[in-house]
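Protein chains in written order, with the numbering used here: chain X, 23 to 199; chain A, 96 to 253.
Everything labelled a hint here was simulated from the structure, so no lab data went into it.
Using N, Cα and C, we set each Cβ at its ideal position, and we do this for glycine too.
Careful: at least some of the hints might be erroneous.
Unchecked claim - One side of the interface only, derived from the structure: several residues of chain A facing chain X at Cβ under 8 Å:
#: 1; residue: 102
#: 2; residue: 172
#: 3; residue: 225
#: 4; residue: 237
As the list claims (entries may be wrong) - Listing some non-contacts, in silico: residues in chain X with all C-beta distances to chain A over 12 Å:
#: 5; residue: 79
#: 6; residue: 89
#: 7; residue: 90
#: 8; residue: 95
#: 9; residue: 96
#: 10; residue: 98
#: 11; residue: 99
#: 12; residue: 101
#: 13; residue: 106
#: 14; residue: 129
#: 15; residue: 188
What follows is each chain in one-letter form.
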Amino acid sequence: MKSLFKRYKFFIITVIAVGIITIFNTNLGIKSFSIAVYSFKEMALVIPPVFVLLGLLDVWVPRETMMKYMGEDSGIKGIILSIIIGSAAAGPLYGAFPVAAVFMKKGVKFSNILIFIGAWSTTKIPMFLFEVSALGSRFAVTRLLIDIPGIIIIAYLLSAFISKDEISKIYKNAENL
Amino acid sequence: MSNYILYGITILLLVISYYKDKKKTKMAMKKAWKAFENILPEFLGVIMLVGVLLAVLNPQVISKIIGNNSGWFGVVIAAIVGSITLIPGFVAFPTAAMLLQNGAGYMQIGAFLSTLMMVGIVTMPVEIKYFGKKLTKLRNLFAFIFSFIVAYIIWKVV
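Build the full structure now, drawing on both the sequences and the hints.
Set out below in structure tokens:
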């Protein structure tokens with residue numbers, strides 16, 4: 023019971039905070055709650071299939087296969103695959119983190135995981151189509167062409183800034199998630 | 096639409112998996128539930144934060160903040176607003192188009208969209224749980240800086 027409280031502490035604090043906001047500004051508080059409920063519904067729609075797919079991936083795809091295509095020695099093939107998988111994704115960025123955890127378990131190279139996160143965040147194909155229709159193809163294509171090298175450079179920079187020890191710690195942590 | 100595809104593929108794979116090996120499928124479902132239950136507290140907290148943020152920072156307010164600004168000051172403000180807000184893409188792009196009509200420049204919009212997608216201040220608790228504090232902070236910082244490069248190039252090209 024105590025651990026349950028501890029785990030949900032952050033959530034409980036946010037609920038209390040919105041409650042206090044509601045006392046001082048009823049409109050803002052109710053609006054906040056209704057947007058939260060709306061986001062929850064959206065999450066409830068996207069999240070279940072993502073986690074089921076993750077479970078299936080974890081059970082069915084052998085570590086060796088993942089390592090061969092996206093592991094330490096996967097080279098350019100691994101980079102391209104990471105970008106394609108990230109770009110084909112649906113859902114908000116926080117959906118990418120559990121996927122990254124399973125990739126770690128399967129021995130995917132650290133920089134490829136970071137490239138995957140980058141691609142999920144900004145080069146998603148469905149979003150690109152929205153962008154073209156709202157802001158024009160010149161804007162969207164320019165952004166895409168900067169983003170692809172940008173994502174790769176950021177991934178390698180991050181890999182350089184984080185020590186081997188810290189990387190293995192992050193991988194170990196993923197085993198328990 | 097993409098939701099239907101996602102569900103379709105998931106159900107199809109689940110059926111194939113069950114047909115091939117019931118035990119393994121059960122294990123996959125158990126793992127899926129465990130992974131979900133593990134991150135649920137952070138998800139719920141983040142959702143509450145997003146609720147408050149979107150209630151305060153709706154498109155009208157954002158357009159007021161960066162709408163009539165130009166130059167690098169506007170870009171910095173746009174990048175900060177993009178970093179702390181979390182708007183789904185199908186809302187973000189029409190919002191950006193509206194901001195353009197209200198007088199924001201392409202440079203500001205480039206910075207706003209870029210940080211909106213790549214930098215996530217409110218989702219940091221979730222990210223830290225998977226990647227630790229240091230990597231989370233660095234990734235968001237690099238993405239923030241990168242957004243200025245995006246803004247600059249978009250300003251030059253578009």
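- [ ] Would you pick out the hints that fail for this structure and give their numbers low to high?
- [x] 2, 5, 15
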